[in-house]
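Could you build the full structure based on these sequences and the hints that come with them?
First to last, the protein sequences are chains A and B.
Heads up, the final residue of the first sequence is numbered 115 in the numbering used here, and it's a clean run with no missing numbers.
Heads up, the final residue of the second sequence is numbered 110 in the numbering used here, and it's a clean run with no missing numbers.
One thing to keep in mind: the hints can contain errors.
[To be verified] Which residues of chain A face chain B? A partial, calculated answer using Cβ under 10 Å:
id : residue
1  : C13
2  : T78
3  : P86
4  : G103
[As the list claims (entries may be wrong)] Calculated lysine-lysine pairs in the DSBU-like style (CA-CA distance at most 35 Å, straight line):
id : chain 1 : residue 1 : chain 2 : residue 2
5  : A       : K55       : A       : K66
6  : B       : K70       : A       : K14
7  : A       : K41       : B       : K56
8  : B       : K97       : A       : K41
Quick caveat, the hints were computed from the structure, so don't treat them as lab data.
A quick note: this is a predicted structure, and the numbers were derived from the prediction, not measured.
Ideal Cβ positions, reconstructed from N, Cα and C, are used throughout, including at glycine.
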Amino acid sequence: GAVVSQHPSWVICKSGTSVKIECRSLDFQATTMFWYRQFPKQSLMLMATSNEGSKATYEQGVEKDKFLINHASLTLSTLTVTSAHPEDSSFYICSATPGQGSGSYFGPGTRLTVT
Amino acid sequence: QKEVEQDPGPLSVPEGAIVSLNCTYSNSAFQYFMWYRQYSRKGPELLMYTYSSGNKEDGRFTAQVDKSSKYISLFIRDSQPSDSATYLCAMSADTDKLIFGTGTRLQVFP
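Here is the structure:
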């Protein structure tokens with residue numbers, strides 16, 4: 001199957017700082033990637049759709065100025081949590097689809113803890 | 001009403017049992033259906049991908065889609081303790097944006 005990686009896998013930061021999370025498709029190109037967050041024992045919540053070469057599309061209720069998304073190439077999307085606060089502590093996961101008829105593949109996730 | 005409904009469980013079964021996991025949905029435009037397995041603190045792993053109605057088998061896993069009833073199922077045969085995880089159904093109308101169920105926690109005990 002297709003492989004999606006994320007970096008870092010776990011990050012701890014202080015309140016008020018910014019954190020960047022990378023999502024890479026390792027063996028395929030992805031014009032579209034998706035960013036999710038997941039709270040303990042809950043399902044995935046779609047935050048935004050990352051589009052290569054254009055602006056991201058954010059879901060209702062997600063602050064675009066707080067969660068900056070950059071899809072600079074066909075294999076890399078980044079999510080930057082700006083001015084992080086403890087309530088931003090969560091599990092962030094990205095996904096990408098290799099092509100039509102293949103399903104979506106997820107990265108291993110990034111656990112963010114804001115102290 | 002949520003677009004996708006899934007019983008959160010937990011579902012506890014003995015090793016070797018046949019497990020049945022189900023989701024219902026309300027949007028008739030959905031035509032791509034997926035099942036994911038998620039272990040604690042890990043990203044979801046794609047288990048099965050199905051387009052439109054029908055059955056699909058892969059090893060111990062069988063996925064069924066009944067679009068007329070808006071009902072999908074995942075069967076796990078000869079369940080193992082290593083199958084203990086949360087199983088998420090997901091579906092979409094256009095192959096990209098997925099709508100997830102809440103996930104069913106499965107525990108297989110030896």
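Hints violated by the structure (listed by number, smallest first): 1, 2, 3, 6
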